[in-house]
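2 protein chains.
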Amino acid sequence: MLAQIIAVGSELLTPARLDTNSLFLTERLARFGVDVTRKVVVGDDQNRIAQEVRRAREDAQIVIVTGGLGPTLDDLSREGVAQALGKGLYENPEIIGWIAERFARYGRTMTDNNRRQAMVIDGAEVLPNPQGTAPGLYYRDDAGVVILLPGPPRELRPLFIDECEPRLALIESPLRYHTASLRIAGMGESDVDARIGPIYSIETRAVTTILSAPGEIQLHIRGQASTEDEARAIAAALAQKVADELGDRVYSSANEPIEAVIGTLLKERGLMLSLAESCTGGLLAEKITEVPGSSEYFAGGFVSYSNESKVRWLGVSAETIEKFGAVSEQCAREMAERARDLAGGPGKAVGLSITGVAGPGGGTEKSPVGTVYVGLADDGESAVRLLRLGKERDRNRELSARTALDLLRRRLLGL
Amino acid sequence: MLAQIIAVGSELLTPARLDTNSLFLTERLARFGVDVTRKVVVGDDQNRIAQEVRRAREDAQIVIVTGGLGPTLDDLSREGVAQALGKGLYENPEIIGWIAERFARYGRTMTDNNRRQAMVIDGAEVLPNPQGTAPGLYYRDDAGVVILLPGPPRELRPLFIDECEPRLALIESPLRYHTASLRIAGMGESDVDARIGPIYSIETRAVTTILSAPGEIQLHIRGQASTEDEARAIAAALAQKVADELGDRVYSSANEPIEAVIGTLLKERGLMLSLAESCTGGLLAEKITEVPGSSEYFAGGFVSYSNESKVRWLGVSAETIEKFGAVSEQCAREMAERARDLAGGPGKAVGLSITGVAGPGGGTEKSPVGTVYVGLADDGESAVRLLRLGKERDRNRELSARTALDLLRRRLLGL
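Chains as they are written, first to last, in our numbering: chain Y, -2 to 412; chain W, -2 to 412.
Since the hints were derived computationally from the structure, they do not count as laboratory data.
Any given hint could be a false lead.
[What the hints assert, rightly or not] Using 27 Å as the maximum straight-line C-alpha spacing, the simulated DSS-like pairs for lysine-lysine come out as follows:
id: 1; chain 1: Y; residue 1: 388; chain 2: Y; residue 2: 363
id: 2; chain 1: Y; residue 1: 388; chain 2: W; residue 2: 264
id: 3; chain 1: Y; residue 1: 264; chain 2: W; residue 2: 388
id: 4; chain 1: Y; residue 1: 320; chain 2: Y; residue 2: 363
id: 5; chain 1: Y; residue 1: 345; chain 2: Y; residue 2: 264
id: 6; chain 1: W; residue 1: 320; chain 2: W; residue 2: 388
[To be verified] Here are the simulated distance ranges between beta carbons:
id: 7; chain 1: W; residue 1: 90; chain 2: Y; residue 2: 163; range: 55 to 61 Å
id: 8; chain 1: Y; residue 1: 388; chain 2: W; residue 2: 319; range: 47 to 53 Å
id: 9; chain 1: W; residue 1: 242; chain 2: Y; residue 2: 316; range: 54 to 60 Å
id: 10; chain 1: Y; residue 1: 365; chain 2: W; residue 2: 159; range: 21 to 27 Å
id: 11; chain 1: Y; residue 1: 293; chain 2: W; residue 2: 266; range: 38 to 44 Å
id: 12; chain 1: Y; residue 1: 28; chain 2: W; residue 2: 242; range: 45 to 51 Å
id: 13; chain 1: W; residue 1: 410; chain 2: Y; residue 2: 316; range: 38 to 44 Å
id: 14; chain 1: W; residue 1: 266; chain 2: Y; residue 2: 210; range: 35 to 41 Å
id: 15; chain 1: W; residue 1: 103; chain 2: Y; residue 2: 244; range: 22 to 28 Å
id: 16; chain 1: Y; residue 1: 172; chain 2: W; residue 2: 321; range: 55 to 61 Å
[Said to hold, decoys possible] Computed footprint of chain Y on chain W; a stretch qualifies when at least three of its residues, placed anywhere within it, have a C-beta under 8 Å from a C-beta of chain Y:
id: 17; segment: 4 to 12
id: 18; segment: 28 to 37
id: 19; segment: 40 to 54
id: 20; segment: 208 to 218
id: 21; segment: 287 to 300
id: 22; segment: 348 to 361
Note that beta-carbon positions come from the ideal geometry of N, C-alpha and C, so glycine has one too.
Bound-form chain Y, shown alone (with noise of 0.2 Å):
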């Protein structure tokens, strides 16, 4: 089964806005095996988004129109699917009693224009959204599904999932799929692909994606078969083809960031981990503090930013700094010996450090833009790395992050 996504809103059309429910929309899809063949984005226009979703009728069997469901004049996703439909609209009483309710809940008046809400394509389902005003519509007839959902993602998910995949699962589809995902660090695509692509690309059975960002790369291998579990076991034999092919590189096969599988490896081995960063400015601990309870084993870090404060709080010696710079080997290594003292020292903590030159300022002949320290220090012996990167600031602080967290994830694993 295929389907569209009309996502509807001008704000989408403008420079700083992107439609992200698509995202969620797609993987949730995916589930039932049903591929997003298109996405598209339209403004405010009830002719537009009729035309969109005549159009996507004629590829698709489930269109999902996103936004314009609100109480304002230009919120015109009922009227334009209705127009394609060649339906009617009518106002709902019962949802102008949710929508009354909810006003009085939060002790306001329910304006007028709050009845758009309530209005009702002729023959669609009304699904309740407990999280906002404007419910879902969900209409069926012989050509296909159109569902019409509100755009605020915390109004979209749950109707999504609650009301939407329960009828969207008794639709029958001849083929299921199930997708197993490997992520990979320390590895650019083409080198990936390289490797790998020998594997995948004679399982005729899976469809292999590689998605790269900086210092990361994720692999998405989808089996398809007619139950489930064959799907599931196609996906699975050619995720470990490739992930035996790759080797270490691999750090996860459960879809889980690199700071996930950290926290894991340090709560394993009872290590607190502690930071020390310059050119990343924060980046690290927050990435590191993305993932919920890594309290657990993330004592904290530094962001020494200034050469006063690698030596007045971190405890850096001005003689390292003096004889060979803040952006050098020596600094690196004494930033994460001293966050590891700080944190208590070999055995119960690890350090790690990054310093750096992020650009676009900054550069010396000795330390160009782009030149980055990244230090680890344990119970071992301490280890630098060097990073010859390129002119782009945030990407040098990104890879900076990711390769320093790789770092760690290769030490603690004794690779």
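Position chain W against the provided structure of chain Y, taking the given hints into account.
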């Protein structure tokens, strides 16, 4: 003039990828007074690409196709566009030369599949791409312009600016546009709209868009007139009226992020900033250091995630934590004061602190998930602000950091 953007690539239809090139293109097109009325994402399918190009040309004078220009067999944008235009393709020897030269420069041999990138649509101009192997194509006829650009942003961006914009500038447009921006902190979207709706809605020569993100509202006011000067004057006059109404909630009328505004204020006052973060885990430091040159006014920060690090690294008294807890007004105040003192003390440094429960775990009866204290210490009386946020970890972290930034801005301005 109107434009539509067609992003090509099956990977853009997976749950992990979004087309972000369209944001850049929309922003650049707006400078020419060109509105993007529709964005489409399609897979690597020649017929679908052709269909979308035909549909787009029905409504828009400028159609931009991004991606699908690579060397592999699933790169089909050239073929799809040629099909839509009813044109042929020929191999351009000059491009073959560029590609071979590029390969030679990197010491590699050009494989045969790269010849695909030298195919040119009959009648199209070739746009040289110094950043990659696939050139762009620019096709113009009486119905308008079709532009093909490679998908990688670092190739697409300079190609658009250097090669497409000069060509587009030659096409006459009756209206000129100019956008003025205001950035607002400490207000919600509906509050802003209620205050300024009566002001902007009566100015018919400008379009006002409100964009909201956690802790921040952006207003884009686009004036339109027959000359650019006139459009700028309309936008500036309306922006001034709106700014007068919102007063000190407006932190930038130059489209600057709040981190940059704060940087300027700190430099003017000769103050260094020092941070002590708990639940935001480095996010605040990361925001501050996103600004190039922030080392001039950012001393550094402590990510004191554990109680021990608050006491041992920062010097918060163990008694305070024992008596009031780490999530308390008292702890927030001490964290800010200690951060300030470690960076030079009152008059030289400002300390900013955040401690709270971001969730999902860690909530107590006294401090449920979403309880956050933001502290500020300068040479006056230290301030602490209590926030009662929701249950979403990421949103709580973002809102906490933004509240801290606005607290600092207001203090620096003496508000």
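For each hint, the structure was consulted:
This hinted pair checks out: residue 388/Y and residue 363/Y have alpha carbons roughly 15 Å apart, not beyond 27 Å. Restraint check for residue 388/Y and residue 264/W: satisfied, since their Cα atoms lie roughly 26 Å apart, inside the 27 Å limit. For the given pair, residue 264/Y sits about 26 Å from residue 388/W by alpha-carbon distance, which is consistent with the 27 Å threshold. Our distance criterion of 27 Å between C-alpha atoms is met by residue 320/Y and residue 363/Y, whose separation comes to about 13 Å.
A C-alpha spacing of about 11 Å is found between residue 345/Y and residue 264/Y, which places the hinted pair at or below 27 Å, so the restraint holds. Restraint check for residue 320/W and residue 388/W: the C-alpha separation of about 26 Å stays at or below 27 Å, so the hint holds. Remark: the range hint 55 to 61 Å for residue 90/W to residue 163/Y is upheld by a beta-carbon distance near 60 Å. One distance hint, 47 to 53 Å for the beta-carbon pair residue 388/Y and residue 319/W, holds here, with the actual separation near 49 Å.
Between residue 242/W and residue 316/Y the CB atoms are about 57 Å apart, so this pair conforms to the stated range of 54 to 60 Å. A hinted range of 21 to 27 Å holds for the C-beta pair residue 365/Y and residue 159/W, which are about 25 Å apart. For residue 293/Y paired with residue 266/W, a C-beta distance near 40 Å keeps the hint of 38 to 44 Å intact. At about 48 Å, the CB distance of residue 28/Y to residue 242/W agrees with the hint of 45 to 51 Å.
Hint check: residue 410/W to residue 316/Y, Cβ distance near 41 Å, so the stated range 38 to 44 Å holds. A C-beta distance of roughly 39 Å is found between residue 266/W and residue 210/Y, which places it inside the suggested range of 35 to 41 Å. In this structure the supplied range 22 to 28 Å holds for residue 103/W paired with residue 244/Y, their Cβ-Cβ distance being about 27 Å. For the pair residue 172/Y and residue 321/W, the supplied restraint of 55 to 61 Å holds, since their beta-carbon distance comes to about 59 Å.
Figure legend: the segment 4 to 12 of chain W, annotated as covered by chain Y; annotation consistent (6 residues with Cβ-Cβ distances under 8 Å, at least 3 required). With a cut-off of 8 Å between beta carbons, the segment 28 to 37 of chain W has 6 residues touching chain Y; three or more are needed, and the interface restraint holds. With 3 residues having a beta carbon nearer than 8 Å to a beta carbon of chain Y, the segment 40 to 54 of chain W meets the requirement of three or more and the stated coverage holds. Counting residues of the segment 208 to 218 of chain W whose CB lies closer than 8 Å to any CB of chain Y gives 3, so the stated coverage by that chain holds, three being the minimum.
Proximity of the segment 287 to 300 of chain W to chain Y, defined as three or more residues with a beta carbon under 8 Å from a beta carbon of that chain, is established by the 11 residues found. Coverage of the segment 348 to 361 of chain W by chain Y holds [criterion: at least 3 residues with CB-CB distance below 8 Å; count 4].
The structure meets every hint from the earlier list without exception.
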